[in-house]
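Participant: Sequence:
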Amino acid sequence: MTGSKISVLILRLWRKNFKGGGPMEMILVDSQGDRIHATVDSDLASKYDAKLREGLAVTIESFKVTPYVGDYRTNPHPFKISFFRTTDVLKCEKFPSVVPEKYIADFTRINTSVMDKAIMIDVVGQIVDVQPLTEIISKGKNLSKLDFYFVDELSTKLLCTFWGDYAKAFWKFISQHKDTQVVCLIRFVAVKEYRSSWHVTNSYDATQYFYNSDIPTIKRFNTMLPPDSLSLTINNSAPPTVPLYQEFFELNKKKSIYDIVYSNERGAAELAQEIAHDDQAILPLAIKQLVGQTMLFKDSTLINIDGDSMELKIDSVVPLDLKRSP
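No gaps in the numbering here: position 157 of the sequence shown is 157 in UniProt numbering, and each next residue is one more.
One should not assume that every hint holds.
Ranges between beta-carbon positions, derived for each pair [stated by the list, open to error]:
| hint | residue 1 | residue 2 | range |
| --- | --- | --- | --- |
| 1 | 216 | 94 | 38 to 46 Å |
| 2 | 140 | 59 | 24 to 32 Å |
| 3 | 219 | 157 | 18 to 26 Å |
| 4 | 117 | 41 | 25 to 33 Å |
| 5 | 153 | 42 | 40 to 48 Å |
| 6 | 17 | 136 | 20 to 28 Å |
| 7 | 197 | 49 | 39 to 47 Å |
| 8 | 136 | 157 | 22 to 30 Å |
Simulated from the structure, these hints should not be mistaken for lab results.
Given the structure is predicted, the values throughout are model-derived calculations rather than measurements.
We put the CB at the ideal spot given by N, CA and C, even for glycine.
Using the sequences provided together with the hints, build the complete structure.
Facilitator: Next comes the structure, spelled out in structure tokens:
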């Protein structure tokens, strides 16, 4: 689609590679609160550098719309805006000062892994517990890490992890506001799983945060806090360290290769009972006939490796006897 025209607010803007110039990446929002990603290629970035600024409302004319794909996307819209050399950008004088917040996620949905992990989300809550700022080694370099906990209006907790410059800047602010109430809105965070627990973490470029500001979302959240809501607590104790030998040979239970391979194995009977708990009629006859059997699925490697498709193509299925010899 070309020849289009849209009036939007530049909610977020960054460059992917400062040293080499790199493309300009933007998250745009319209007057209804709907977001779309936009990209200006590296060879055009200098042309639009003075016209595009975070927080500026603009009217964009004559652009193309292309599919928006990737492991982590800033919004669920399936398309993004790409600039031509002839794309025109004009300042928009009549854009509303406040737009609806449509992307704030529910803490319970995050903690129960309901969210789409490929889509970045927004979160808002009161910060109640901050762990010490730590340094870890990543790819041979020091990397700052900061863990802290939110609570929502129902006191549901959510863990957030900040990395790099985000961690250092956030720690500096938090250190100056301990023993106070801090409400924070964070936009464009990724949903991650670690050791069977879910949390959110910053993107190294896109994430944006505001604390104790006049943003309507934060002001509205403040009105929902109970009078006896918790103050911010900073945990200054360093995390315990365990020698490598003790961790591997004394604390952790030793497992055989068999135990590891089949640690997540669940029988067909167990799965059938779970799936058909409310209505057993939903199970097809072919599935019912597998109850009580153990099967080995051999995948067609060459087909499955080819391309980005996540579809698993089965080459053959044979019964497998898993009885262990003494």
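Participant: Look at each hint and say if it fits the structure.
Facilitator: Verification of the supplied hints:
1. For residue 216 paired with residue 94, a C-beta distance near 20 Å fails the hint of 38 to 46 Å.
2. Restraint check, residue 140 to residue 59: a C-beta distance of roughly 46 Å breaks the suggested window 24 to 32 Å.
3. Against the hinted window of 18 to 26 Å, the Cβ-Cβ separation of residue 219 and residue 157 comes to about 22 Å, which satisfies the hint.
4. Between residue 117 and residue 41 the C-beta distance comes to about 28 Å, which sits within the given range of 25 to 33 Å.
5. The beta-carbon spacing between residue 153 and residue 42, approximately 44 Å, falls within the hinted interval of 40 to 48 Å.
6. About 24 Å separates the C-beta atoms of residue 17 and residue 136, a value consistent with the hinted range of 20 to 28 Å.
7. Checked against the given bound of 39 to 47 Å, the beta carbons of residue 197 and residue 49, roughly 42 Å apart, stay inside it.
8. For residue 136 and residue 157, the Cβ-Cβ distance of about 23 Å falls inside the hinted range of 22 to 30 Å, so the restraint holds.
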